[in-house]
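If you count by our numbering, then the sequence shown holds residues 1 to 180, one letter each, in order.
Derived from the structure by calculation, the hints contain no laboratory data. These figures come from a predicted structure and were not determined experimentally. Warning: the hint list may mix true and false statements.
[Stated by the list, open to error] Taking lysine-lysine and the DSBU-like style, the derived pairs with C-alpha atoms no more than 30 angstroms apart in a straight line are: (1) K140 - K180; (2) K57 - K135; (3) K57 - K108; (4) K139 - K127; (5) K31 - K94; (6) K43 - K101; (7) K139 - K113; (8) K139 - K179; (9) K140 - K118; (10) K43 - K24; (11) K101 - K135; (12) K140 - K43; (13) K139 - K180.
[To be verified] FRET-style restraints, in silico, Cβ to Cβ: (14) K113 - G27: 39 to 45 angstroms; (15) N71 - D131: 35 to 41 angstroms; (16) E111 - D68: 28 to 34 angstroms; (17) I15 - N67: 29 to 35 angstroms; (18) L133 - I15: 36 to 42 angstroms; (19) Q124 - S3: 36 to 42 angstroms; (20) I15 - S47: 19 to 25 angstroms; (21) D93 - T163: 22 to 28 angstroms.
All C-beta atoms, glycine included, are put in the ideal place defined by N, C-alpha and C.
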Amino acid sequence: MGSIYSGGEGDEWGIKPDIQEAQKWYGQAAKQGDSDAQIALGKIYYSGATGRTDYAKALALFTQVENDGTNSRSTMPLSWMYYNGLGTAPDCDKAWSYYKKASRYVGKMVEEKIFLSKCAADIQSRKNNADALPKVTLKKESVFSRGITAKPKECALIFQIGTDKIRNMANLHITLELKK
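All chains, please: the whole structure from these sequences, using the hints.
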C-alpha cells in the first residue's frame with residue numbers, strides 16, 4: 001500500500017500520490033519487519049518528503065535492515081549518513097565499511113585511501129564553515145520533452161539546487177516563483 005500512495009503504482013487505480021498516507025502504510029509494514037518498507041520509510045525520513053527530515057529515524061531503519069541482513073539497499077544510505085554525519089557523528093571508517101559493502105551491488109568503487117582522505121577533508125570543511133551561510137544556486141536543467149513530430153508535448157521544467165558549501169541543509173525550504 002505504501003508504494004501505491006508514494007506514487008509508484010497508484011496511477012492504474014486512480015489513486016493520487018499522498019506521502020503522508022504512504023508513510024503510514026510503510027510504517028505498518030516496517031513494524032512487521034518488511035525490509036522494503038523499512039527502506040522506503042527510511043528514505044521518506046531521510047529526504048524530508050513530508051516536510052521534515054528525521055535523520056535519526058532514517059539511520060535507525062537503515063541500520064535495522066543492515067543488521068537483519070535482509071536487504072542490501074541499506075548499505076549505501078548508511079555510508080552516506082556516516083560520511084556526512086546525518087543522524088550520527090561523522091565516522092569515515094564506518095562510512096567506508098558500508099561503501100565497500102555497497103560496492104558489491106552498485107559496481108565501481110573509489111579506493112579506500114582516496115575515500116577516507118576525502119571524507120576527512122569534508123568533515124574539516126564542514127567544521128571550518130559551520131558559521132557561514134551557504135550560497136544557494138538554481139540551475140535550469142531542461143524545458144521541453146518532444147514527441148516524434150518534434151513539437152513540444154509537455155513542458156517539464158526541471159531545476160537543480162546547489163550550494164557552494166558542504167553542510168547539512170536539513171529542512172531547507174525554498175520557494176520558487178515563476179513569472180511570465
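Verification of the hints:
no. : hint                           : verdict
1   : K140 - K180                    : holds, 16 angstroms
2   : K57 - K135                     : holds, 29 angstroms
3   : K57 - K108                     : holds, 29 angstroms
4   : K139 - K127                    : holds, 27 angstroms
5   : K31 - K94                      : holds, 26 angstroms
6   : K43 - K101                     : holds, 19 angstroms
7   : K139 - K113                    : violated, 33 angstroms
8   : K139 - K179                    : holds, 16 angstroms
9   : K140 - K118                    : holds, 29 angstroms
10  : K43 - K24                      : holds, 14 angstroms
11  : K101 - K135                    : violated, 34 angstroms
12  : K140 - K43                     : holds, 25 angstroms
13  : K139 - K180                    : holds, 18 angstroms
14  : K113 - G27: 39 to 45 angstroms : holds, 41 angstroms
15  : N71 - D131: 35 to 41 angstroms : holds, 39 angstroms
16  : E111 - D68: 28 to 34 angstroms : holds, 30 angstroms
17  : I15 - N67: 29 to 35 angstroms  : holds, 33 angstroms
18  : L133 - I15: 36 to 42 angstroms : holds, 40 angstroms
19  : Q124 - S3: 36 to 42 angstroms  : holds, 40 angstroms
20  : I15 - S47: 19 to 25 angstroms  : holds, 21 angstroms
21  : D93 - T163: 22 to 28 angstroms : holds, 26 angstroms
Of the numbered hints stated above, those contradicted by the structure are hints 7 and 11, listed in ascending order.
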